Every structure is written in C-alpha cells, then in structure tokens.
Amino acid sequence: MKPRNLAILLTSALVLSATACSSDTKSSAAGGDVTITVACQPAKTAPKQREAWNDDVAAFEKAHPGVSVKSTDQQPCFDPKTFAAKLAGGQMETVFLVPVTNYADVISKKQAKDITSVTGRVKNFGDIKQDVRDMVTKDGKAYGVPNVSYSVGLIYNRKLFKDAGLDPNSPPRTWAEVSAAAKKIAGLGDGYVGYGEYGGGNVGGWHFAQSIFSRGGEMVTDGKAAFNSTEGKAVLQNLQDMRWKDDSVGNRVLIGWETLMQQMAAGKTGMMLGAPDVVTDVVQKFGGKPDDYGIAGIPDGKASLTGGEAYMIDPKANPAETKAAMDWIDFQFNTPGKGRHDYARGKANGEAVGVPNNDYMGDSATGQKINADRAANAVLPVDYYQPYMDTSKRIELKLEPEKAQELYAVLDVPMSAVLTRKNADIDKLLADAESKANGILARG
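Taking our numbering, the leading residue of the sequence shown gets 63, the next gets one more, and so forth.
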C-alpha cells in the first residue's frame, strides 16, 4: 500500500472516500426501490469534480429507475488507520474501495461479497487484464472489480535535463545512469537536487522496496526477510554514494509523501521514483509546469512494484442492492467516455488529462478505447510518457510484501541512516532490519 492518499492515482483527480453508515445500505421499503451507498464522491474543495460526480449520480439514477445512490465524501478515501476497524464493524458503503494490499485480507475474512454470478453486469469485466482479475479471485470466485493498476517508473524533469546538457528524450535506463544524470543536475548550482529520495514516514522503506525489485531482489521469501542481499546493499550503497560522494540527493531527509512531489513541482529536483500519477499531482495540485515532466521505466527494469484498487461490495447487500452496486461500478468506473473515463469533461474542468496512470484494461478493446480517449483529450504532453509506456508492457510486476507497512517502517531506518551519516554501516543496518523484519513476519 502506498503510504499516501490513494486518490492521486485517478486520472480524473477524484478524491475517494471509504466510510459510511451501514444502515444506509439497506433497501427502502417503498415499492421495492433500492438505496445503495457508494464511495468516491469528490470533496467540496474540488467543486468542479464534485459537480461532475453529482451529475453522474443523477444520470445513473435516471437510467436505473428505482435505484437511489447516496455518496460519501470523507477524506482520504483509504485511511489505513481506520479501514480495518470500520470494515470489521460493518461501517462501509455498499460499494467500497480496497487497495491491492488489502485484497487477500478482506476476502479471507469474508468482508466482501462473492460477485461471481453478477460480474456480467460490468460489461467490460472480461477486458480487465487477467492478472489483475486474479488478484480479486479466490478459489475461482470473484470478490471485486479492479479499476486501477499501475507500475512504478522514473519521473524526471525534462527542463533540468536540458539545462544540465542531458538528452530529455533519452532518460536513464539503469541506476548507474541515474547517478550520472543526478550528479550533472546537482551541478547546476545551489538548491538543485539530482535525485530525490525519502528517509522516513514509511515512504523510505516503500521506495527501498521499489528499488530492490528493480534490481531483481526480493523483500520477503518463504515468510522470511530477503532484503539483506546483494541487491539490498546496492540500494543503500548507491544512495549513500549519491549523498556523500556526489552530493546529488540533497541534505534534507524527506518524510511525508507529498514533500518530494512539492520539491519536484518547485523545479529544482531532477528525478524521483513514482507511479505516473505523480505527474498529475505535481502539475495539478502543486503547480508544476506541464511541459517540464517526463516518465521513464524504472531503472534497471528487472521488476516493478505494482499497486492498484478494486471496488468490493458489502456482503450484507441483498440481491437487488448487489445488482445496483455492480451497475454503478460499471457506469462510473469501467465505461469509456463515462464517469471517470469522461476525459472530455475532465479537460473542460481543467484536469491534467493525459498521464498513462492506469493500465488495468491492458490492450483489450476497452483499454484501447480508454487510451485513445485520454490521448484525444490530453492537456499534458503524452509523448513525454512513451518511455514508460514502452517499458511497462514488458516489465515483471511485484506485489507489495506481506506486512508491508511494518516492513517499510523498519527499512526507514537504513534509508535515513545513509542519508544522514557519511559512514553509516550498511551491512549492520541491513542485518538489524532483517532481524526486526523476521520478528514481524513470525507473528503472522
């Protein structure tokens, strides 16, 4: 799970929510009408997106007489601090959002409805990539409708590449090339950072996972920590060298997820790891210049951390509610030109349309239509993201490890250490982290 608001993954910039009173999921008694509660209503602070959402609700209700949709807008959509308790207490909407790292847990605890018999109500369900559908399937039964799937890449500032004498059309493909480019960008003067990285708040450990996967390493194998390896040492050694030999990663230890995006938007940071939607937030939320940013495949490219989201249905939902819920998921999240895939409307509303931040439909007919619509209405330079698109089609995808957030917290320590101590002992740092991680994993 990303330790940030998962809502930034959506190209339509919808801000998701994930709580509601379970009493709202019950059918009304009058005339057999049905009421469902749904997550995803944008916040009042995003008035155009909220209006578009409300318009969609009205259009859906008109097309489905007898169905009433009640939206919730609590922010953030997914809050790891409250999600499990609210789910266990039956406080979720009829239709609620689940990040990929929680799929298995929610399904195993029977907190999501078996929707196998009604997947056909989502007309393009079969076009969702098989490996993505497999993530919400157990024992041949489907428990969710995926709507987001992504891999990590390298976000880079094309303007800084030009200023540093680098070719923005040939971004780094290896970690060695990243280091070399970072050194040149840092050489532009005071305040310039060649490559930005985190050292705390679980995002340090999360980026460690991204980096070790890209080198062909593993986080956990057979229930035990596997990151105290050649690849794990390379992650820390490379970062330590960029900090203390090249002075190309800056001297601030970044903690919160948004801090590095803000730094990117300020125009003095050359590169960072992230899913493509980072560009959406850098431009739309933090005021970066659209033409400044490109996206490349993750360096070395052995594998990439993947993530995503799916909508699941309250297991208490009756048949009428279940059908209405699936119809809503189909309408709002899986139909080209409708709901969140209405890129023409997004463009008119000033959204940063164009980033290829969601590949859950792949090269299917639906996926091709969605990508064509996105490109046709793009306000961002889609050509600048082609290196990422070329790589993402062939890269191996890795799920986050079990106990991901706890392991990320453990790995924050070595990430922070190499950024703050010139002589930090990498071997000892990894050995200590391995011991702590194995204790966490042993608890099951």
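Keep in mind the hints are simulated off the structure, nothing from the lab. Incorrect hints may have been included.
30 Å max Cα-Cα, derived DSSO-like pairs, lysine-lysine [as the list claims (entries may be wrong)]:
#, residue 1, residue 2
1, Lys295, Lys245
2, Lys330, Lys191
3, Lys364, Lys484
4, Lys455, Lys385
5, Lys110, Lys203
6, Lys455, Lys203
7, Lys110, Lys431
8, Lys203, Lys221
9, Lys185, Lys364
10, Lys385, Lys347
11, Lys409, Lys185
12, Lys110, Lys295
13, Lys409, Lys106
14, Lys484, Lys191
This structure is a prediction, so every number in the text was calculated from the model and none was measured.
Hint check:
As the CA atoms of Lys295 and Lys245 are separated by approximately 21 Å, the hinted pair is consistent with the 30 Å bound. Taking the CA atoms of Lys330 and Lys191, the gap is near 38 Å; set against the 30 Å cutoff, the hint is violated. For the given pair, Lys364 sits about 29 Å from Lys484 by alpha-carbon distance, which is consistent with the 30 Å threshold. Note on Lys455 and Lys385: the hinted pairing is violated, with a Cα-Cα distance of about 34 Å set against a maximum of 30 Å.
Simply put, Lys110 and Lys203 have alpha-carbon atoms about 38 Å apart, too far for the 30 Å limit, and the pair is violated. Distance check on the hinted pair: Lys455 and Lys203 sit about 27 Å apart at the alpha-carbon level, within 30 Å; holds. For the given pair, Lys110 sits about 25 Å from Lys431 by alpha-carbon distance, which is consistent with the 30 Å threshold. Between Lys203 and Lys221 the alpha-carbon distance is near 49 Å, which puts this suggested pair outside the 30 Å criterion.
Of the pairs offered as hints, the one joining Lys185 and Lys364 is violated, with about 35 Å between alpha carbons and a cut-off of 30 Å exceeded. For the hint linking Lys385 to Lys347, the alpha-carbon distance of about 36 Å lies beyond 30 Å, and the restraint is violated. Between Lys409 and Lys185 the CA atoms are separated by roughly 26 Å; this keeps the pair inside 30 Å, and the hint holds. As the CA atoms of Lys110 and Lys295 are separated by approximately 47 Å, the hinted pair breaks the 30 Å bound.
The straight-line distance between the Cα atoms of Lys409 and Lys106 is roughly 19 Å, inside the 30 Å bound, and the hint therefore holds. For the hint pairing Lys484 with Lys191, the CA-to-CA distance comes to about 45 Å; that exceeds 30 Å, so the pair is violated.
Consistency with the previously given hints fails for numbers 2, 4, 5, 8, 9, 10, 12 and 14, ordered from lowest to highest.
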